[in-house]
Amino acid sequence: MNARSMVRRSVLALLLVGVPALAGASMLHLKLSRSEPAANAVLTASPRQVKLWFTQKPELTVTSIKMTSGIGATAVERALAPLSRADAADAPITAPVGAPLAAGHYEIVWRTMARDGHVLNGVIPFDVRDAR
Amino acid sequence: MEWIIARWVTFVATVLATGACALALALLPRAISADDDTRRQIARDAARIGIVAALALIPAALLRLADQLLALRSDGDPLFAGAAPLLTSTMWGSGFLAQSVATLLALVGFAHAHGAPGVRRRWIIPALGCLGLCATPALQGHAIGSETYTSLAVAADIAHVTGAGLWLGAIGVIGLLGVAIPNGDGIVNPVHVSRADARLRLLVPLIPPVALPGVALLLLSGVISAVLKLTDVGDLWTETWGRYVLTKMILVTIIVALGARNWRTLGPRIARADGVPALRRSLIIELLIALLVLLITAVLVVTPLPGEE
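Residue numbers (numbering that gives the first Met the number 0), protein chains in the order written: chain A, 0 to 131; chain B, 0 to 308.
None of these hints come from the bench; they were simulated from the model.
Incorrect hints may have been included.
[Said to hold, decoys possible] Covered by chain B, according to a simulated footprint, are these stretches of chain A (three or more residues, beta-carbon under 8 Å): (1) 50–58; (2) 105–119.
[To be verified] Every beta carbon over 10 Å from chain B, so not counted as near; a handful from chain A, in silico: (3) 32; (4) 42; (5) 75; (6) 96; (7) 124; (8) 129.
[As the list claims (entries may be wrong)] Derived coverage of chain B by chain A (criterion: at least 3 residues anywhere in the stretch with Cβ under 8 Å from a Cβ of chain A; other residues may be distant): (9) 59–71; (10) 76–86; (11) 139–150.
Cβ coordinates follow ideal geometry from the N, Cα and C atoms, glycine included.
Using the sequences provided together with the hints, build the complete structure.
Shown next, in the form of structure tokens:
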């Protein structure tokens, strides 16, 4: 077997063995995996911070988290800051809520961007009952 | 939609600019049957195509930036409020800035090469710019977003665009050089027709040594990229992303088949009077299909991956 033939066979073997081995290493876009407060949660005490967990590391500097209270024309929106995220792969983005929330309906309105530029956003509604 | 068009223009321009460099650095030096003046004229026109391609990248980049800023903007905020953090502290921004530098390098390089098109070393700067242009889409697509096999995915994306540039780009530039453009009255100058025919006769037989490595690079990297994103072979016909990939594979196979036909059947007839028009028709069909392939590639970037629908 000459050198050229060996190279050809090696490339073929790499394709036959190596490429299928990669199957299942599926790449998915960034997604919200869970949050605190969770969607539609009913809390008996005001949360002190909002935590958002994503399936991948999001771009923190272009992430925004806002809290709206009230419904319709009376809704009030405020940005939560500063946002932070620990280095660990599964660390959440954390935002302080600030002053304790009164009883009522709230929504966390968030927007972030994946490393590939994919922008995603969402709304997490929750209620606070009998807050002290 | 505008994001897809901007991506498409970016891919077409990147591939054409790379093809112009491939033609000047790899094809023309082997055109030993042509005199120096003919080679210089072809290189000058290739540099002109490179300049137009690099210029087309500028509005496409601005459109992509505006679209990204719009997607990140909150109601009532000025459009450019988020530009600084987007460009300076995100991977997308790094890719965008790298692409801007590569565009500038290619533009200046092509203009420099246009001044003395026969001097090979003048093509090194645009070639470096084009290498940068081939590398940067990987920093703004699915590959860099992956948290597994990221390096492999990025390398495959870079190889994919480079392969497309060497193969489809070179064919695209030869196709443009081999077309006689009518004047304002719709009349084609016979001298231009004869020059275009002569260029096709000279350049088409030289394509295989550049096109074949380009095709190999494109196919190998395409297979790796697809396998990294598929969760199952069935995704190719059950998922939207898979159907686009399958369509792209079929279209690429048609281009390869047309190329093989050009090489084996039409190539030997190129010296005959009816040989060149048949070859030109085939090249135009190849290029139209290639434009469609690049459009599908632009759509793929914004299509949910398998398992996300």
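Against the structure, the hints come out as follows:
1. Counting residues of the region 50–58 of chain A whose CB falls under 8 Å from any CB of chain B gives 3; the rule of at least 3 is met.
2. As drawn, the region 105–119 of chain A meets chain B at 8 residues by the rule of a beta-carbon pair under 8 Å; at three or more, the given contact holds.
3. The Cβ of residue 32 of chain A lies farther than 10 Å from every Cβ of chain B, with a closest approach of about 13 Å, so its non-interface assignment holds.
4. The non-interface label for residue 42 of chain A is consistent with chain B: the shortest C-beta to C-beta separation is roughly 26 Å, beyond 10 Å.
5. With a least CB separation of 14 Å from chain B, residue 75 of chain A remains clear of the 10 Å interface cut-off, as annotated.
6. Listed as outside the interface, residue 96 of chain A is consistent with that label: its C-beta sits roughly 19 Å from the nearest C-beta of chain B, beyond the 10 Å cut-off.
7. Every beta carbon of chain B lies more than 10 Å from that of residue 124 of chain A, the smallest distance being close to 19 Å; the non-interface claim holds.
8. Distance check on residue 129 of chain A: its Cβ is at least 32 Å (rounded) from any Cβ of chain B, clearing the 10 Å threshold; non-interface status holds.
9. Counting residues of the region 59–71 of chain B whose beta carbon lies closer than 8 Å to any beta carbon of chain A gives 3, which meets the minimum of three for the stated coverage.
10. With 3 residues having a beta carbon nearer than 8 Å to a beta carbon of chain A, the region 76–86 of chain B meets the requirement of three or more and the stated coverage holds.
11. With a cut-off of 8 Å between beta carbons, the region 139–150 of chain B has 10 residues touching chain A; three or more are needed, and the interface restraint holds.
In this structure, none of the earlier numbered hints is contradicted; all agree with it.
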